[in-house]
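Asks: Go ahead and model the full structure; you've got the sequences and the hints to work with.
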Amino acid sequence: MSDIAYRRAPVLNMIIWSLVMVWVVAASFPFLWTFWGSFKVQGDFFSKADWTNAITGVRTQAETGGTFTGNGYFGAWVTKSFWVAAINTGIIVFSVVIISLTLGTLGGYALARSGKRYAFYLLMLALVFRAMPHITLVSGYLLPFFEWNLWGHIPTGIIVMVAINQPFTLWMLHSFFLNIPKDLDESAMVDGCTRFQAFRHVIVPVMWPGVVTTGLFSFLLAYNDFTVTATLLSQANQTMVPKIASFLGTTQTEGNVMFAVAAVVSATAPLFILILFFQRQIVSGLTAGAVKG
Amino acid sequence: MFLKTITFAGAFALLGSTAIANCGISSGNVSILSNDFPAIQAVTAEAAKCAGNGVTVESNLTKDHKDIMVAALTANPSQYSSVIVSNSTLVTLMNDGLVQSLDDLVAKHGAGLNKSQLITVDGKVMAVAFMANAQHLFTRTDILEKAGIKEIPGTYEDVLAAAEAIRSAGLMEYPVALNTKAGWNLGEEFVNMYMGTGAELFTSGTAEVSINNDHGVATLNMLKKLVAYSNPDFLTYDSNATQAEWEAGNLALAAMWGSRGGAVLDGEGSADGVSSNTVLTAAPTWGNDARPASTLWWDGIGISTNVSDADAEATFIAMMNGISSDMVKANNDAAVWLIEGYEASAASAGVAGTAANGAAPYPMLPFMGTLHGALGGEISDFLQGTESAEQALADVEAAYTTAAKEKGFLK
Amino acid sequence: MKNRTFFWFILPSLITMLLFIALPIVSVVVQSLHIEHEAVLNEVENCGPFGCKKELVIDVEETAKLKDDRPLGKFNGLGTYTNRNHLAFTEIRQAWQLSDGVADFVSKSLNLPFYRALAFTLTYTFVVTPLVLMFGFLIALGVNSLPKYIKGPTIFVSLLPMIVTPLIGSLILFWMIDAQGIIGSILQQIFDDPNLSLKASPLLTWIMLMVYGVWHSSPFAFIVFYAGLQTVPSDTIEAAMIDGASRWERTKYVVLPHLMPLTMFILLIQLMDNFRVFEPIVGFSAQANATSLSWIIYNDISNNEDQFFGSAGATSVLTIIGVSILLIPVLIRTWRDFNRKVV
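Those protein sequence lines, which keep their order, are chains A, B and C.
The opening position of the first sequence corresponds to residue 0 in numbering that gives the first Met the number 0, with each subsequent residue numbered one higher.
The opening position of the second sequence corresponds to residue 0 in numbering that gives the first Met the number 0, with each subsequent residue numbered one higher.
The opening position of the third sequence corresponds to residue 0 in numbering that gives the first Met the number 0, with each subsequent residue numbered one higher.
These aren't lab readings, by the way, just hints derived from the structure by calculation.
Any given hint could turn out to be false.
What the hints assert, rightly or not - Below, computed lysine-lysine pairings styled on BS3-like, alpha-carbon distance capped at 30 Å:
#, chain 1, residue 1, chain 2, residue 2
1, B, Lys410, B, Lys123
2, B, Lys123, C, Lys52
3, B, Lys410, C, Lys73
4, B, Lys410, C, Lys53
5, B, Lys114, C, Lys52
6, C, Lys52, C, Lys66
7, C, Lys52, C, Lys64
8, B, Lys410, C, Lys52
Here the structure is a predicted model, which is why all the values come from computation and not from measurement.
Replies: Structure below.
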C-alpha cells in the first residue's frame with residue numbers, strides 16, 4: 000500500500016488519532032483497573048464507601064499491613080486449586096481448536112469448491128444452527144448424557160464445543176478458501192492428484208493465515224465459554240470460567256470476590272501472550288481470507 | 000486426559016490417607032450433588048472421610064446444581080446417590096419421584112438424629128435436615144441511637160419510623176436494604192412479606208393462586224414503602240450487594256440471610272464500628288398479624304430413587320457421618336445447625352428468633368417454584384412506580400396460571 | 000467438485016452438527032408442542048424442623064401412569080407459542096380492543112414479557128450493530144494511519160474488550176458504574192447530579208447495556224476491517240488521486256466498496272450475536288429494566304426451582320425465526336454472490 004495515498008491533512012490526523020486515543024483508553028482502562036485492584040482487598044476494590052480507596056488501598060493497609068497484597072492470587076491458585084481448572088482449560092481449549100480446525104478446513108474447503116446449490120443451502124443451515132441459543136441446546140443434552148454416562152467428562156465437553164462452534168468455523172474457513180485461487184488445486188488434479196491429495200499437498204501449505212485466524216476465534220469461544228463448561232462438566236473437570244463464577248458466592252453466603260478478580264487477571268494473561276504472539280498472523284490471515292467474505 | 004487422571008487419583012490418595020477409612024461401610028459408591036457454600040463444604044468433606052476400602056465418595060458442589068439436578072437423578076442409575084436439598088428443591092425432586100423414602104435407613108442408622116431433623120411427607124421421611132436459614136433483621140444500634148431510637152424495631156412499621164428518623168436526622172439518605180434484585184430474590188421478599196399477613200398463597204387444596212387480594216396489595220405497598228428508604232439501585236441488590244453495603248457502613252436496617260450473619264459479625268472487610276454495633280434479631284412482623292414476615296428454610300439430605308440399595312445405604316451412612324456432632328463442633332459458626340451439639344451464637348440469634356416467633360416455613364408445594372418465578376418477574380414494575388399494585392398482582396396471576404398450565408398443575 | 004468427494008469432505012463436520020445441533024433442535028421443537036400431563040395432587044401432612052402443615056403433593060405413581068402412556072406429555076399444538084408468556088395472542092387482541100389509542104396499546108403490549116423482551120432485543124440489535132460497524136471502521140482507519148512502531152501495541156489493546164469473558168467483564172464494569180464506583184461517581188460529578196444512578200432508571204440501563212455492547216463487539220469489527228484495509232488496491236487509489244478525487248471521494252468510491260463483502264460478514268455475525276444478547280443482562284443485573292429473548296430462555300431453564308423446557312423451546316424457536324428474518328437481506332446478497340461465483 001502506498002503511504003501517499005493515505006497522507007492526510009494534519010488536522011484530520013489529529014482528529015483520527017485522538018479518536019484512537021479515546022478508544023485505547025476505553026479499551027484498556029477496565030483491565031488496568033482490574034489488574035491494579037487485584038492486589039487490593041475487597042473492601043478497597045469494591046468499595047461502597049469511596050472509589051478512591053481502590054487507588055490508595057486504605058483497607059488493604061488496615062487488613063494486611065501493606066498497600067498491596069497477593070492474597071487474592073494465593074487464595075485462588077493455592078487454597079482453591081485454580082491450577083486444576085487452568086490445566087483442564089488448557090486440555091479442552093487445545094483439543095477444541097485442533098478438532099474444530101480439522102473438521103472445519105475439510106468442510107470449509109468442500110463448501111468453497113463445490114459450487115452446487117446444496118452447498119449454499121448447507122451454509123444457510125449452518126447459520127440457522129448458529130442462531131440456536133446455546134443454553135437450550137445444552138439443557139437438551141443433559142438427560143441423554145446422564146443416561147448414557149457421558150456427562151461430566153472432558154471429551155464430552157470438547158465434542159460439544161466443537162459442534163456448537165462448527166457453523167462459525169465453517170463460514171469463516173469457507174470464505175478463506177474462496178480466496179485461494181481455484182487454479183491451484185485444479186491444476187494439481189489435472190496432474191493426476193485426487194481431490195484429497197490436491198488438498199493435502201497444494202492447499203494445506205497456503206491456508207495457514209486463514210486457519211490461524213479462525214483458530215484464534217475458536218480459541219476465544221472455547222476459552223470464554225460458560226454455558227457448556229458450567230453445565231456439562233463435573234467439578235473435577237471444571238474449567239476456569241465456571242471456577243471463577245464459583246468464587247462469587249451464592250445467595251446464602253459470601254464468596255471470595257477477590258479470588259475471582261485475581262483469577263480473572265490470571266486467566267487473561269495467557270490471552271495477552273497469545274494475542275501478542277499471533278497478532279501478525281491474525282491480520283495477515285484475515286487479509287488473505289474473509290476479505291471476499 | 001492422562002494428566003487429569005493423575006491429579007484426580009492424587010487427590011483421592013490424599014483423602015484416603017487422612018481418612019479413618021471406616022464409617023462402617025463395606026463397599027459402595029457415594030456421590031453428592033449440592034449447592035456450594037462453606038457449611039455444605041464442611042458436610043461433604045466430613046462425608047468424604049468415609050472413602051477407602053472399596054468405598055468412593057465424590058461430590059459436585061455448584062451453585063448451578065438446580066439446573067442439572069432433575070436430569071442427573073432421572074438417569075438410571077442416577078449420576079448422584081445423594082442431593083443436598085432445601086424446602087424448594089426437595090419438592091422439585093419429589094414432583095418427579097426422584098428421591099426415596101428414608102424410613103428404613105433412618106430406623107437402621109439414624110439413631111443420633113433429632114426428631115425435628117426429619118422432613119416427613121405423608122408420614123414418610125423424605126429428607127434429613129441439618130441446617131436452618133431465614134432472612135431476618137440486621138440493625139446498627141449506634142445509628143439508631145443517634146437518631147433517637149431506643150429499641151430495635153420489632154415491626155416493619157417501626158422499621159419505617161426508624162428509617163424516617165435516620166433520614167431526617169441527616170445520618171443516612173438510604174438506611175434500609177432488602178434483597179430486592181429482580182428475579183428470585185424479589186420473589187422471595189414478596190413471599191416473606193406476604194407470609195407476615197398470615198394469609199395463604201394458594202386457595203386451599205388447589206393450585207389456584209390467591210394473592211390477588213387485599214393482602215397482596217398491602218404486601219406490595221409495604222415493600223414499596225421500604226424501598227423508598229433503599230438506594231435507588233435496589234432492583235439490582237442481591238445478598239452480595241446488601242452485605243457489601245452493610246459492611247461499608249451505608250445501611251442501618253436490613254433484612255438479610257441469617258447465613259450472612261457470621262461474615263458480617265466477624266469484622267473482616269467491615270468499616271470501623273460496623274461489626275461491633277450490628278445486632279441480629281428476628282424478622283419483624285407487620286400489620287395485624289404476629290407472624291414474622293419471613294420464611295424458614297432448611298437444608299438437608301435426600302437420597303436418589305435410582306440407585307442400588309447398597310449404594311443408598313452407603314450414602315446414607317456417609318452422610319450421617321457428614322452431619323455428625325463432631326463436624327458441628329469443628330464448624331460451629333458455619334451455619335445454624337439443627338444437629339445435636341450445636342451451640343447458639345450471636346450470628347444465629349436472628350434465625351433462632353425468627354423460628355421461635357413462629358415464622359412460616361417456605362411452603363413445600365409442587366407449584367411454589369412456579370409462583371416464585373412469576374413473582375420475581377412481574378412485581379418490579381410496581382416498585383418502580385410504573386404500574387398499579389392491582390395490575391402487578393394481575394400480571395403475576397396471569398404469568399403463574401400460564402406457567403402452571405404448562406407444568407400440568409392447572410387445567 | 001464431485002458430489003461424492005464433497006460428501007466425504009463435509010461428513011465429519013456435518014455429523015457433529017447433526018448430532019449436537021440438528022437433533023436437539025428437532026427435540027426442542029417437539030417439546031415445545033407438548034405440555035406436561037395434568038398432575039394428580041393429594042393433600043398430605045408435611046412435617047419438618049418448623050412444625051407440621053397440610054400441603055399438596057404430586058401423586059407420583061398416578062402421574063407416572065399418565066407419563067408411561069405418553070412420555071412426551073400432552074400435545075398442545077401451538078398453545079405454548081400463543082400463550083400469555085409468549086406471543087400472547089389473546090392478550091394482544093384484548094389490549095387492541097380495550098386500549099384508547101396507539102400509545103395505550105403499546106404500553107399494554109410491553110407489559111407482556113415476550114414483547115417487552117422483543118422491544119429491548121430489537122432496539123439493542125439495531126442500535127449496537129451499526130455503531131459497532133462504524134466504530135470498528137473508524138478505529139481501523141485510525142490505527143492504519145498510526146506510525147508503525149505504535150501500531151502493534153494499539154492493535155493489542157484494541158482487542159482487549161473482546162477477549163475477556165463477558166461474564167467477568169460485565170461484573171467488573173458493573174462495579175465501576177456503581178454510584179460509588181469510579182465511573183458512576185465521575186458521571187455524577189460531570190452531570191452535577193448526586194442521585195444519578197445508571198442502574199436505577201430503565202433508560203440509563205438500556206444505554207449502559209448498549210454502550211457495553213458496542214465496547215465489547217467493536218474489536219471484532221475493527222480487526223476484520225483493519226485486515227481489509229491492508230488489501231485496498233493502492234494502484235486504484237493512486238489512479239483516483241490522479242483523477243483529482245478528494246479524500247472523501249476516494250474513501251467512498253474505492254475503500255468502502257472494497258470493504259463491502261467484509262461489512263456483510265460482520266453484519267451477519269453481529270446481527271445474530273446481538274439478537275441473542277443475554278450475558279450483559281445477567282452481568283449487570285439489569286433484568287428489572289431490560290430483558291431479551293435469550294434472557295427469557297435462560298430464566299426458563301436456569302435460575303429458578305422449576306425448569307420450563309417447553310416454554311424455553313418455544314422461545315428458542317421464535318428466536319431462530321427472528322434471526323432468520325433479520326438475516327434475509329444479508330442472505331439474499333450472499334445468494335447473489337454465491338451464484339456469481341459459481342458462474
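Asks: If a hint holds in the structure, say so; if it doesn't, say that too.
Replies: Against the structure, the hints come out as follows:
no.: 1; hint: B:Lys410 with B:Lys123; in the structure: holds, 29 Å
no.: 2; hint: B:Lys123 with C:Lys52; in the structure: holds, 14 Å
no.: 3; hint: B:Lys410 with C:Lys73; in the structure: holds, 11 Å
no.: 4; hint: B:Lys410 with C:Lys53; in the structure: holds, 22 Å
no.: 5; hint: B:Lys114 with C:Lys52; in the structure: holds, 16 Å
no.: 6; hint: C:Lys52 with C:Lys66; in the structure: holds, 29 Å
no.: 7; hint: C:Lys52 with C:Lys64; in the structure: holds, 28 Å
no.: 8; hint: B:Lys410 with C:Lys52; in the structure: holds, 25 Å
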